[in-house]
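Can you build the whole structure from these sequences, using the hints too?
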Amino acid sequence: MSSVWLPCGDYHQDYAEDQGWWQSKVIKGKMILLLAIMFLGIPLLAPDYWLGIAVMVGYTAMGALGVQLLIGYTGLITLGHAAFIAVGAYTSTLLVLQFPWPPFIVQWGLAYPISIVVAGIVAGLWSVLFGLPSAKVKGFYLILTTMAAQFITVDFILTQYVSQIGGRGQAFSLPPGTIKIGPWVIDNDFEVYYLMAALLTLMVIILANLLRSKVGRAWVAIRDNDIAAEALGINIVWYKLLAFFVAGFMAGVAGAFWVSNTAALSPEHFPWFWSLWLVGVILIGGVGSIHGAIFGSIFMVVIMELLQMVAIPLADYYPKLLIDFAFIKDMAFGLAICAFLIYEPNGLAYRWWQVKNYFNLWPFSY
Numbered sequence: 001m002s003s004v005w006l007p008c009g010d011y012h013q014d015y016a017e018d019q020g021w022w023q024s025k026v027i028k029g030k031m032i033l034l035l036a037i038m039f040l041g042i043p044l045l046a047p048d049y050w051l052g053i054a055v056m057v058g059y060t061a062m063g064a065l066g067v068q069l070l071i072g073y074t075g076l077i078t079l080g081h082a083a084f085i086a087v088g089a090y091t092s093t094l095l096v097l098q099f100p101w102p103p104f105i106v107q108w109g110l111a112y113p114i115s116i117v118v119a120g121i122v123a124g125l126w127s128v129l130f131g132l133p134s135a136k137v138k139g140f141y142l143i144l145t146t147m148a149a150q151f152i153t154v155d156f157i158l159t160q161y162v163s164q165i166g167g168r169g170q171a172f173s174l175p176p177g178t179i180k181i182g183p184w185v186i187d188n189d190f191e192v193y194y195l196m197a198a199l200l201t202l203m204v205i206i207l208a209n210l211l212r213s214k215v216g217r218a219w220v221a222i223r224d225n226d227i228a229a230e231a232l233g234i235n236i237v238w239y240k241l242l243a244f245f246v247a248g249f250m251a252g253v254a255g256a257f258w259v260s261n262t263a264a265l266s267p268e269h270f271p272w273f274w275s276l277w278l279v280g281v282i283l284i285g286g287v288g289s290i291h292g293a294i295f296g297s298i299f300m301v302v303i304m305e306l307l308q309m310v311a312i313p314l315a316d317y318y319p320k321l322l323i324d325f326a327f328i329k330d331m332a333f334g335l336a337i338c339a340f341l342i343y344e345p346n347g348l349a350y351r352w353w354q355v356k357n358y359f360n361l362w363p364f365s366y
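Residue numbers (my numbering): 1 to 366.
One thing to keep in mind: the hints can contain errors.
[Stated by the list, open to error] Mimicking BS3-like on lysine-lysine, the simulated pairs with C-alpha atoms at most 25 Å apart in a straight line are:
1. Lys136 / Lys214
2. Lys25 / Lys356
3. Lys28 / Lys356
4. Lys30 / Lys356
5. Lys214 / Lys138
Calculated directly from the structure, the hints in this document are not laboratory data.
What follows is the structure, given as structure tokens:
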């Protein structure tokens with residue numbers, strides 16, 4: 001078997017060991033420690049302000065995971081992911097506020113959990129609709145078809161029709177106590193954080209297992225060379241559409257989660273720039289890595305918060321600074337992408353891999 005401390009080879013005795021999550025006790029301990037920090041350390045020790053930032057990091061990571069699946073693992077470029085997040089958010093809101101649930105569903109607090117699953121399925125199917133052109137086109141032309149999802153979904157359907165259900169100018173108001181799971185009413189940052197942590201952990205586990213399976217290997221084969229993958233017998237159309245469905249499902253869950261973190265929902269919450277932002281997140285974090293989606297989310301959200309912390313005191317001397325802050329954030333976003341593409345093209349995940357390998361091999365250099 002593999003060493004408890006330093007990896008000195010893989011000596012697996014059966015297929016179960018070879019497929020196991022934990023290749024050593026140290027890795028298992030690290031994962032347990034990470035979950036303890038995530039579910040106990042951060043919510044119990046962090047101030048409310050940083051807890052809100054952690055919630056935004058988790059929401060960004062949930063959206064970025066789907067983009068990572070499409071771009072990083074399947075090679076399908078998308079610039080319309082905000083539309084699928086919006087579909088999930090509106091589906092969940094409509095189900096919670098408008099759907100005639102049986103009384104016991106409402107009493108037991110099951111309406112919102114059910115709406116999360118349904119929102120994911122609806123967003124996944126909607127994503128497949130715009131993924132159909134991937135059977136014939138790729139690259140720049142696929143970018144245009146996914147951008148069409150944004151304009152058709154958010155700018156046309158949601159803005160012109162769905163938003164009128166809740167009233168002109170504001171799609172839906174969410175009264176206090178609307179979002180609950182069983183007896184647990186989600187109405188503060190502490191509870192929203194725990195919901196985010198649970199959903200993000202579940203999504204990472206599901207995606208990681210998919211990537212370790214036959215499906216994940218087919219996605220990577222399509223990314224590397226779709227012609228060779230088809231020659232090997234892989235149904236590339238089926239697996240491309242499956243990738244769109246899974247990515248859309250995760251986007252729908254992210255949108256359903258966002259409902260718990262806002263008092264009102266409107267189409268302005270899902271601009272096209274949000275789709276571009278998610279692509280930038282995985283470019284900075286590292287394309288083709290689950291770690292990359294999470295590292296990129298942490299980096300971008302924290303950097304933007306630090307910019308805001310610097311801008312607010314300076315606004316006393318330069319009042320126009322707050323007015324132009326949105327443009328400053330966009331400029332910082334663009335500069336960050338350019339800097340990483342030039343100086344760290346493999347992203348933060350690659351740097352993390354190098355640091356981890358250094359400590360795994362220490363005190364040896366190779």
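*Within 25 Å, alpha carbon to alpha carbon, are Lys25 and Lys356?*
Between Lys25 and Lys356 the Cα gap is close to 16 Å, so the pair holds against 25 Å.
*Is Lys30 within 25 Å of Lys356, Cα to Cα?*
holds (12 Å)
*Does the structure keep Lys28 and Lys356 at a Cα separation of 25 Å or less?*
holds (15 Å)
*Is it true that the CA of Lys214 sits at most 25 Å from the CA of Lys138?*
Holds, at roughly 23 Å.
*Restraint check for Lys136 with Lys214, where alpha carbons must lie at most 25 Å apart*: holds (23 Å)
Going through the hint list in order, the structure satisfies each hint without exception.
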